[in-house]
Amino acid sequence: GAGVSQSPSNKVTEKGKDVELRCDPISGHTALYWYRQSLGQGLEFLIYFQGNSAPDKSGLPSDRFSAERTGGSVSTLTIQRTQQEDSAVYLCASRRTSGGADTQYFGPGTRLTVL
Amino acid sequence: AQSVTQLGSHVSVSEGALVLLRCNYSSSVPPYLFWYVQYPNQGLQLLLKYTSAATLVKGINGFEAEFKKSETSFHLTKPSAHMSDAAEYFCAVSGGTGGFKTIFGAGTRLFVKA
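Sequences listed follow chains A and B, in order. If you're matching positions, the first sequence starts at 1 in our numbering and goes up one per residue. If you're matching positions, the second sequence starts at 1 in our numbering and goes up one per residue.
Okay, chain A solo, but in the shape it has when bound (with noise of 0.2 Å):
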């Protein structure tokens, strides 16, 4: 596609369940990246996949998050049994290459509610 998408734009769900946000990253962008971006906090780094390297997860909150990204492309991020402040919109970003200086093109972000 011509920029990144996300799915679903909003989520609501209660606390205590499972969801899941899906991202499709520009196609060939070899590196890929989930933030968190809460009101008032900026973007909070979760974490970031290159190539077939092992992701970069230093930046996850708990270890009710994880995310995977299938064939080098889709990517999903799943947060478990979810809490209130986890409500946030949770923003998706790839890179054509892992080089530092590269842009990062991001999605419209998934906003969450958790109530």
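Treat the hints as calculated values from the structure; they're not laboratory data. Values in this document were obtained by computation on a predicted structure and should not be read as measured data. If a hint is listed, it holds; no wrong ones were tucked in.
Restraint-style ranges between C-beta atoms, simulated for each label pair:
#, chain 1, residue 1, chain 2, residue 2, range
1, A, 78, B, 1, 22 to 32 Å
2, B, 15, A, 18, 45 to 55 Å
3, B, 15, A, 61, 34 to 44 Å
4, A, 111, B, 82, 22 to 32 Å
5, A, 12, B, 9, 25 to 35 Å
6, B, 41, A, 53, 32 to 42 Å
7, B, 53, A, 20, 33 to 43 Å
8, B, 1, A, 73, 26 to 36 Å
9, B, 26, A, 57, 22 to 32 Å
10, A, 72, B, 18, 40 to 50 Å
11, A, 81, B, 46, 29 to 39 Å
12, B, 28, A, 54, 23 to 33 Å
Quick reminder that beta carbons are idealized off the backbone N, C-alpha and C, glycines included.
Got chain A; can you put chain B on it based on the hints?
Using the frame of chain A, we list chain B on its own:
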């Protein structure tokens, strides 16, 4: 570890006035520096970036930023604000000791008054 500090969570300017959004970074090696903009209800998009070429970087919509190593700063400026510049602006750093991870600042929301 790398870090980014944006001074001022909110900045308000009058239309036609100078825009100055401040960003300071911390890195033990020369970093790559970025400014991203997020317009209301839209995703983040790149405004400009510094990649160790010219220290004065020009971006879209008349914005520019100057990399000052001695001050570890990368402030964003625009000579004359327009109403359409109202948005949230994020400074980010990557490369160097941070590897491929990009660290974002907390953001500065720019308000433009008529």
